[in-house]
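Asker: So the chains spell out like this:
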Amino acid sequence: MTAALRFLNDLAAGLGFQLELLAQVVVRLHHVPRRARWIADQLYQSTIQTMHVVLLVGFFIGMIVSLQTGIELARIGQQDQIGTIVAVSMTREMGPFITALILAAAAGSSMAAELGTMSVADELSALEVLSVDRVRFLVLPRLVALVLAAPVLTILCDTIGILGGGFVAQSQLNVSFELYLDSATESLRDLGTVFPLPKDVFGGLFKAGVFGAIVAVIGCSAGLNARGGALGVGRATRQAVLVSIIAIIIANYFMTWFMYQG
Amino acid sequence: MTNGDDVILRFRDVHKSFGTQKVLDGLSFEVKRGRTLAIMGPSGTGKSVVLRHAIGLMQPDSGTVEVEGRDVAKLRGKELAELRRRMGYLFQEGALINWLSVGENVCLPLRENTNLPDAEIRKRAEEKLALVRVENAWDKMPSQISGGMKKRVGLARALITDPEIILYDEPNAGLDPEISASINELIRELKVRLGVTAIVVEHRVNCIKTVADEVLFLEKGRPLVQLPPKEFFASRHPRLVQFLGTDPD
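Protein chains in written order, with our numbering: chain A, 1 to 262; chain B, 1001 to 1249.
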């Protein structure tokens, strides 16, 4: 009973800290131009250094979706719909979700480890003593970079996934690449009411941006709270990845419900 | 009793515990302006905790820590930042930001907290690096310099805002005797040239003899004695004899 209460208390405290951190970044957004260099550094780390993983995973996910659905559709003679299913699956769901998981594992863990190491090496205390605002200095560049990086990587993931699906459709399901692409692009023509972008693509990119913010906030908060030497840094890194994955899945459900319900 | 106007930093009956472990147990002492107080004592007696209280990184469970008559624990936001700008803190390992170069580390407080032009900030940083005798290292990363150099750079960074009080947390830790001597000389020189008030947490006798005006010996979070160095090292107090008898210096 006591352990359960302590767990709930820690959970509430952690969530409270993360929301406060997010709010602190929002009120400091006007500092973005002065942080351009560090945002660019973080963008490089989170985009360029994870791009090959996103491309590889995205390609195979596209192929898997195409194969799984294609086999079933072929049984009822509807395999020419594979393009629609792969395109909608990738843009609405798989692209942003897979990208977010990769970012949680690569960028979120790296943020937790970097800030955690700074914490145990007294560098965060040094910033406090020097009156350097650590949210503005450390968290803002990381959060802005991930909010920008996630949609960019998602576009790549969507594109390569759709191409991977087309490759399988042509090579294993006897659907021509042209037909596959026609059906894929046709399914994405439905424009949104707010932005003149295909509704499914925009919805996926919006989700990706939110996932990027979630990964950054959780990674930074785990790092800032790291205590107890190398062991503490390891614990913070593990916690950042696990909590990010759970938060991404929960947020994904609610955003999907909000965007596509009815 | 000291004249109240001369006292720049004062601890009054400060208590601090971490869980069930009592670290400071009714600690009271004061430091006069322009003087250097060395704090000595066995490991785990709360010496570094004293420094962290002095600069507001920790708050006492009870009692007060006053800097120029202001209770540090009650200061918030701009007031606390203003106080910290007038204080410098040298961490044990230097605590340089590992992804910034030496020059960027020293410039950091001014870049973040002032609107001074870059050229002016650089000029001031170069002056401070020259003062601590670190030249030609502007573009080096902290991982590329030695432990002694890191402490010097950390000191240059602490000096960039021209503080009136400097807190040194074991400035000799992990250094060889030659570099230790140069760091001690530097601390003494800063006191003479700049007239700064200082608290030095240290257990090396050589350091204390070089830099201190007074020595406070802490035992289990309480002050055992506070004496000038000459009297401190001549003391026949059984605990001091026992402690100093084991000193490698």
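The set of hints was computed from the structure by calculation and includes no laboratory data.
Here a beta-carbon is modelled for each residue, glycine too, at the ideal position from N, C-alpha and C.
Treat the hints with care, as some may be off.
Partial pick of chain A residues on the chain B-facing surface, computed with a CB cut under 7 Å [claimed, not checked]: (1) Gln18; (2) Val120; (3) Asp122; (4) Glu123; (5) Ser125; (6) Ala126; (7) Leu130; (8) Val132.
Far from chain A, by Cβ distances over 10 Å, these chain B residues were calculated [said to hold, decoys possible]: (9) Ala1095; (10) Pro1109; (11) Leu1224; (12) Ser1235; (13) Gly1245.
Asker: For each hint given before, does the structure comply? Return the numbers of the non-compliant ones in rising order.
Answerer: 1, 2, 9, 10
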